[in-house]
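Visitor: Each chain, letter by letter, is given below.
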Amino acid sequence: GAVVSQHPSRVICKSGTSVKIECRSLDFQATTMFWYRQFPKQSLMLMATSNEGSKATYEQGVEKDKFLINHASLTLSTLTVTSAHPEDSSFYICSARGQAETQYFGPGTRLLVL
Amino acid sequence: KQEVTQIPAALSVPEGENLVLNCSFTDSAIYNLQWFRQDPGKGLTSLLLIQSSQREQTSGRLNASLDKSSGRSTLYIAASQPGDSATYLCAFGETSGSRLTFGEGTQLTVNP
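In order, the protein sequences belong to chains A and B.
At position 82 of the first sequence the residue is numbered 990 (the numbering used here), and the sequence of numbers has no breaks.
At position 86 of the second sequence the residue is numbered 116 (the numbering used here), and the sequence of numbers has no breaks.
Mixed in with the good hints there might be a few duds.
[To be verified] Computed cross-link-like contacts, DSSO-like style, restricted to lysine-lysine with a CA-CA straight-line distance of at most 27 Å:
1) A:K922 - B:K98
2) A:K928 - A:K972
3) A:K963 - A:K949
4) A:K949 - A:K974
5) A:K974 - B:K98
6) B:K72 - A:K928
7) A:K972 - B:K98
8) A:K922 - A:K949
9) B:K98 - A:K963
FYI, nobody ran anything at the bench for these hints, they're computed from the structure.
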């Protein structure tokens, strides 16, 4: 199946700093990428949907100025957590969809904000 | 708004047992259904995808069914193995290629 990578896999940062997470589709062109957040023992919650070359669509309650999403190419989307705080500590997972309907998920990024 | 419920939240079985995981949803206007596996601290692995026009899909020891009229899907695992231990998530797509709405998962432990 298709492969989606995320980088970094784990990041620890100080409160107030910004963190960028990359999501790449390695062997297909992703017209749409989705960003999810997962807190411990909970399910995945969609944060935003990004289409290549256009602005991301954010879910209700997700601050677009805090979680900046850029989908500049058909193989790369980035999520930047600006001025991170401890409550932003979570597991962030991206998924990518090409021409077919199936979404392929990345391995996730564990963010810990101290 | 679609709500997805998975029962049980956790399940522990001895190796070799057949088991069923349940997933229910409130809105029958779904486009497709997927079952995923998630190992601790890892991403998701897609197991089975069922289109709304289908009733079931099979892959090896796994069989997933979909009954839109009753708002239910089940994942059947035959002859369970310790390596099957993981969290299993069901998710629904509302339209082609759209966002997925996830259940909270069933944490499965298969004991040797």
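Visitor: All hints, please: hold or fail.
Guide: Taking the hints in turn, this is what the structure says about them:
1. Between A:K922 and B:K98 the alpha-carbon distance is near 47 Å, which puts this suggested pair outside the 27 Å criterion.
2. At most 27 Å may separate the alpha-carbon atoms for a hinted pair to count; A:K928 and A:K972 meet this at roughly 14 Å.
3. For the hint pairing A:K963 with A:K949, the CA-to-CA distance comes to about 31 Å; that exceeds 27 Å, so the pair is violated.
4. Among the hinted pairs, A:K949 with A:K974 is consistent with the structure: their alpha-carbon atoms are about 24 Å apart, no more than 27 Å.
5. Between A:K974 and B:K98 the CA atoms are separated by roughly 38 Å; this puts the pair beyond 27 Å, and the hint is violated.
6. Simply put, B:K72 and A:K928 have alpha-carbon atoms about 19 Å apart, close enough for the 27 Å limit, and the pair holds.
7. Taking the CA atoms of A:K972 and B:K98, the gap is near 35 Å; set against the 27 Å cutoff, the hint is violated.
8. Only pairs whose Cα atoms come within 27 Å are accepted, and A:K922 paired with A:K949 is accepted, the gap being roughly 24 Å.
9. At most 27 Å may separate the alpha-carbon atoms for a hinted pair to count; B:K98 and A:K963 exceed this at roughly 34 Å.
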